[in-house]
Amino acid sequence: MLEAAVLFSSLGEEGIDDWVHSHDFQHYWLHACERTESSKSQLHFGHYMAGSHDKAITELHVSSLNTIREIGIAPERWRCSVTVLPEKVFGVRLITKLRAICLLEADFNWLNKLIFARRLEAHCRLHGLTPREQFAKSKSC
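Residues 610 to 750 (the numbering used here) are what the sequence shown spells out, left to right.
Derived from the structure by calculation, the hints contain no laboratory data. Using N, Cα and C, we set each Cβ at its ideal position, and we do this for glycine too. One or more hints might be untrue.
[Stated by the list, open to error] With a cut-off of at most 25 Å between alpha-carbon atoms, the simulated DSS-like pairs for lysine-lysine come out as follows: (1) K722 x K649; (2) K697 x K664; (3) K722 x K664.
[Unchecked claim] The calculated label-pair distances, taken between Cβ atoms and stated as ranges, are: (4) L611 x E685: 17 to 25 Å; (5) W628 x T692: 25 to 33 Å; (6) K706 x W628: 41 to 49 Å; (7) V701 x T676: 19 to 27 Å; (8) T645 x V615: 16 to 24 Å; (9) E742 x R708: 46 to 54 Å; (10) F699 x L735: 22 to 30 Å.
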């Protein structure tokens, strides 16, 4: 706990911007990989990709995400996920040899990626808080 307090105090007054902007939404969804599996609610990546081409639809999505983030109550569709267990090695179906993948709603997953994987990671790197052994990719499809 002491280490966490020291790290937190070293960050100063600045925080991480958790507000979603239209350019964030469009930048990601205009370049998203449509082959990516989607979510249980049937809202396919293609819905968000198509919406990112229109300013009004983009604003609708962004307003929705910011409202959800502000009030702190997740919609029902964000409260469930689908877990799949593909084989690590083809033909080996032992439970210890399966890989668990949890599929979340596309917009919820993107919001987490934006705030935690992009902004928080950049903030930690800027302040020298990322350990040397951290070798996460900075860009992916």
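Taking the hints in turn, this is what the structure says about them:
1. At most 25 Å may separate the alpha-carbon atoms for a hinted pair to count; K722 and K649 meet this at roughly 19 Å.
2. A distance of roughly 42 Å separates the Cα atoms of K697 and K664; the hinted pair therefore is violated under the 25 Å criterion.
3. The straight-line distance between the Cα atoms of K722 and K664 is roughly 22 Å, inside the 25 Å bound, and the hint therefore holds.
4. Evaluation of the 17 to 25 Å hint for L611 and E685 yields a failure: the beta carbon distance comes to about 40 Å.
5. As the Cβ distance of W628 to T692 is approximately 31 Å, the hint placing it in 25 to 33 Å holds.
6. At roughly 43 Å, the beta-carbon separation of K706 and W628 lies within the given 41 to 49 Å, and the hint holds.
7. Range check, V701 to T676: about 46 Å between beta-carbon atoms, so the 19 to 27 Å window is missed.
8. For T645 paired with V615, a C-beta distance near 39 Å fails the hint of 16 to 24 Å.
9. Here the CB-CB span from E742 to R708 is close to 23 Å, at odds with the stated 46 to 54 Å.
10. Our hint of 22 to 30 Å for F699 and L735 is violated, since their Cβ atoms are close to 43 Å apart.
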